[in-house]
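Participant: So the chains spell out like this:
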Amino acid sequence: MGSTLVDAFSLLGTLDSRLLGIVGLSLRVSLAAVLFGTLLGLPLGAWIAVSRFPGRGAVIVAINALMGLPSVVVGVIVYLLLSRSGPFGSLGLLFSPPAMIVAQALLVTPLVAAVSRQIVEDAWREYAPEMRLIGLSRWASARLLLLDCRFSLLVATLAGVGRAMSEVGAVMIVGGNIDGFTRVMTTAIALETSKGDLALSIALGIVLMGLILALNATAHVLRSWAARRYG
Amino acid sequence: MFPLALRGLAFGTPGKPVLANLDLDLSGEGISVVLGPNGAGKTVLLRILAGLLPPSGGSLDWGGVTQPKERVAMVFQQPMVLRLSVLANVAFALEPRALASPEKRQRALAVLERVGLADRAGESARLLSGGERQRLALARAWVTQPRFLMLDEPTASLDPGATEAVERIIREIRTDGTKILMTTHNLGQATRLADDIVFLAEGRVQEHEAANTFFARPRSAAARAYLEGELPWRIAFDR
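Residue numbers (the numbering used here), protein chains in the order written: chain A, 1 to 231; chain B, 232 to 470.
Incomplete in silico selection of chain B near chain A, CB under 7 Å: (1) 281; (2) 283; (3) 305; (4) 311; (5) 313; (6) 314; (7) 324; (8) 326; (9) 327; (10) 355; (11) 357; (12) 358.
Footprint (simulated), chain B over chain A, 3 or more residues, beta carbon under 8 Å: (13) 132 to 138; (14) 143 to 152.
Derived by calculation from the structure, the hints in this document are not laboratory data. Note that the coordinates shown come from a computational prediction; the quantities given were computed from them, not determined experimentally. C-beta atoms are modelled at their ideal positions from N, C-alpha and C, and glycine is treated no differently.
In isolation and in its complexed conformation, chain B is listed as follows (with noise of 0.2 Å):
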């Protein structure tokens, strides 16, 4: 089971708080989603359990622990595509790893054939389309084999086709013994891959439930406002 625990975590200034004492328990397997309106702090969650922001106040605990002892990944909303081959884009992620060469292209060839891109290993990263990319940069976190991979609306501006590419290799890796913890805006997407909700709002976890409970019976009336699709200006302007 992955250890990882949230104690009165807070970023921002006391005047502005984007996260205010944050509990949160993410142990466990499976996937859970972030749910919640724009400005609610949920790349900011991710950016700080990545070790790219530092928390203002409150802890991280990664099983007794405050740095994780086990492999960590990212996926970013725009990730970065380097003007190499599809192949060299994932092989560099293992360079901190001590492998042969030959090695490295072998792993990376074979998440390239899990994510459907190794028929395009030679060619040119910046000629995929964005959801080829986003194949990508899932391959390139995966092969890194992550305990715990976080994602950051992997599938924002995606049409049907490519999300439906995306949530299968999310699926799979998932499938493989990684935590995965997500933020997305498609609710849809969301009751498709959720094991539990994490529904952020105003800067604190307002429910964190088993996606069917939340979808079936949202506690908080933020969390209903926002299931309903009501637009949530008071929460994005209020703070």
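Chain A with its partners taken away, still in its complex shape (with noise of 0.2 Å):
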């Protein structure tokens, strides 16, 4: 066990090529995830918030259960969407990264656009009847609101960070877990961890808790400030 984290140590400590390599490529696909998890997300959860319309309770309560979908099952619909037999399989993006990134978008998607709803419908219940007086319609409200409340909509994205990157059946199914193509942190260290591998499964599981621990340390950082800054 103690030459096992002196490896593992090692590892970090040179840099080892192959474990930056899977840090990156891991980076590279979560963040994108995030980003356009974000981006159809956000508006989604504003849109939910001010907006009143039949059957709006059930969106929200599909919103909800979404938060908590299984990535395996996530990783079977975007397997089947992009096989060769699929809608999608002309593409030929199975078992590469914008796969991966397809799959952790779905995921962080609800997630982002469930807490967003809830923060932006608090703020709304408080602004809607000025908005309202002055005229604003329901998106440009939605606009603002997001604005207004973009320092705790962070923590919703900050949420769909640590969602996308501890994932781990989502991209094994669809990514494949190619060795330096779509292998990322989880799945390398499901693979090695069944190899016996410990030490590169040790130095990733430290790299991963460390950008999760550095992720929530900015968002810390930059709620105090915002709080300071903006009130």
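Dock chain one against chain two, each of which comes alone in its own frame, and use the hints as you go.
Facilitator: Written as structure tokens, this is what we have:
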């Protein structure tokens, strides 16, 4: 156990190229997925927050339920969509980083939408009379509320980053865990642990936890600064 | 002359009316102040006029139509202050207008100058004091050049200095030709600002008089008790 830990820290200390490659791909895939998930989820959540339409309650329940969607289910769905016989098979995306981005974006979008819906709706409840009286459209109101809540929404985005970076099932299915091409931190940890190469698993686990911790610390500092700067 | 008349306006349920068959002519210029004990229906009245609450009975006559043809604005007791700059908090009121961004910015800055907040235009509005927030809210209403402005207790919980600054702005808005309808519990403020007084109690207009007449010779017992500072517990709880 002791020598495994020494090996793990050695991989980190020497900036092992294989380790760096896996970390780099993980970051590229997850950040791209969070970017797409945020671009979709934030306006969707804000729009639901300020809109009233038949079935709105059902939509909210569905989005909240999708927050807990098992990643393997998303993996299977994306696999079926991107497989040769699937509707998007001609794109040839299966077992590639873009397929992994699609799968993670599908996991992140409902999470961001649900959290931002709640945050924006709380603000909307308070501001709706003035915004309506001013004559702002629903979209204009939603845009303003997104701006007003931007620092709280960071938390929603952060939750999305955590969800994307820590999931393993979907990227394993649609990425195929191909060494040097679609192998990310979580799939590498699963594989290397099963092979008995615990040093790489531990090193990647430390990096993964360090990244999540760093993101949370950044968000905390940013929110504290924003509270002082913007009230 | 700004046209507005309330015909048999009602709000609430038959067993628990908040406003009952209100007949009131608010046409004209100047500042009308609505006085009355807590629960008299002052804020509800303003919200109905603003279109934020549907009346349960009666009608509004805005010069022959049921919806105002001219611009209506309202300043709330706790105004909305977004986590944006002071300038942006005013400029967004012009969003529904077909104006270019520089024009919106220019108009917002001009009105901030008039309320004494131009030097803080770039700062976060959330860092303003209570009095400054009310001035910001007045600026946001003023920038839309309303013909009819409603103010719901605009100086509640403000210190005398901040109250004086807000009152100065209210007078300026009035001078611009805007008809103002405001509620307050501050009788001193009512005497300083009001052209006419609407005294509301038990969901009804008890008196609507020129301010001087109302304060010199209140006709109703409820108004006399209110002016004498008697706690209006019967009015508040007998309903």
